[in-house]
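Undergrad: What follows is the residue order along each chain.
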Amino acid sequence: DTEVTQTPKHLVMGMTNKKSLKCEQHMGHRAMYWYKQKAKKPPELMFVYSYEKLSINESVPSRFSPECPNSSLLNLHLHALQPEDSALYLCASSLPGRAYNSPLHFGNGTRLTVT
Amino acid sequence: SQQGEEDPQALSIQEGENATMNCSYKTSINNLQWYRQNSGRGLVHLILIRSNEREKHSGRLRVTLDTSKKSSSLLITASRAADTASYFCATPRGTGNQFYFGTGTSLTVIP
Chain A
1100 DTEVTQTPKH LVMGMTNKKS LKCEQHMGHR AMYWYKQKAK KPPELMFVYS
1150 YEKLSINESV PSRFSPECPN SSLLNLHLHA LQPEDSALYL CASSLPGRAY
1200 NSPLHFGNGT RLTVT
Chain B
28 SQQGEEDPQA LSIQEGENAT MNCSYKTSIN NLQWYRQNSG RGLVHLILIR
78 SNEREKHSGR LRVTLDTSKK SSSLLITASR AADTASYFCA TPRGTGNQFY
128 FGTGTSLTVI P
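Protein chains in written order, with our numbering: chain A, 1100 to 1214; chain B, 28 to 138.
Pulled out of the complex, with its shape left as it was, chain B reads as follows (with noise of 0.2 Å):
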């Protein structure tokens, strides 16, 4: 069974645009994760932000983190058509290197 809810499930936006998805989960975490997954093949690691973070930055990424609300948000500034790919949060689960991924959000951006 999956933990996190993501949203929206797809997103089109015009190349330069912001894209921001979200992400809920249900139990308490030390880290989360999100992965981008373009069509057909492996899912590649984007960033990882733990709980005692608020917000992380990596190129035209930032993540942040409210442990509050129990969810996170994935922001890609200025979208180029290389972006198009399905996203997904990653939150722990049981022991050992296990994770729960999100339902995903898809994006497009059209050139």
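So here's chain A without its partners, still in its complex pose (with noise of 0.2 Å):
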């Protein structure tokens, strides 16, 4: 089991649909992060937050909005989804950058299916 958790573990829904993705951790850490991960490919920065504010969106579609309500929760919210942006979603969060780069602590993801 990871520290850091990730709600619901499935996700099927349709292209009309709002949904939410949850992450919870209680480590201290102060960074956060959104993966998105296709099949057989690395992950893919989507968003950071530093200290409870987005400072990374790698250009992102809008469909798809972060929230960060406090130091261990992240959220991303989901509207108006393409079956393309079917993927294993994965938050992470680690210390804030310094000199050396601390690790990150993944969550097990969300497998989120657009029909």
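Below, a sample of chain A positions facing chain B; criterion: calculated Cβ distance under 7 Å:
id : residue
1  : 1189
2  : 1193
3  : 1200
4  : 1202
5  : 1205
6  : 1206
7  : 1208
Derived EDC-like pairs: lysine to aspartate or glutamate, alpha-carbon spacing no greater than 16 Å straight-line:
id : chain 1 : residue 1 : chain 2 : residue 2
8  : A       : 1121      : A       : 1151
9  : A       : 1140      : B       : 34
10 : A       : 1117      : A       : 1166
11 : A       : 1139      : B       : 34
12 : A       : 1121      : A       : 1102
13 : B       : 96        : B       : 34
14 : A       : 1140      : A       : 1184
15 : A       : 1139      : B       : 32
16 : A       : 1152      : A       : 1166
17 : A       : 1140      : B       : 32
18 : A       : 1137      : A       : 1184
19 : B       : 96        : B       : 32
No lab work stands behind these hints: they were computed from the structure. All C-beta atoms in this analysis are idealised placements derived from N, C-alpha and C, irrespective of residue type, glycine included.
Each chain sits in its own coordinate frame; assemble them with the hints.
TA: And the structure:
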């Protein structure tokens, strides 16, 4: 089991639905991330929050909307997704950036299928 | 975009054998990390090696770093079926705690 908890584990949604992915960590990490991973590919960075402020948006379409309500929680709101958005969505946390990069702690992901 | 290329893409070995996977990257780095991902799960951090280190050990893992060749290798000794997973190298990018992940090596250990 990981120290980063993601819910739900699986999600099937239609293209007109609105849903949210949730991520929670209690390690005191002040940097949190959303990654998208397609099958047999490496994770791709989507968003970075540092001290609850959005610091990086990797030109992600607006149908993905991140939110960081507090230092332990990270949400990803989904609306009007496309079938090609189907993927494993991974949340990660770490200590904030330093001279020597801190390891990322990943959750087990939400497997999203858009129909 | 990614900056790490790993080879081989896939590796299949018998239990008890050693597994070696390689990572090449493009720009100067101050550290390199290796992660493991079991099928359908999140990534797990294995080891971090700093640019002033040439070799590092952790249990059955041995990592080397050659900054002049911009390459790193991960050696898993005496492999077990439980080592079956994908392995990714990760190098820092930009400011803050961001990383490029390599293309990954899929390791299968046959019991």
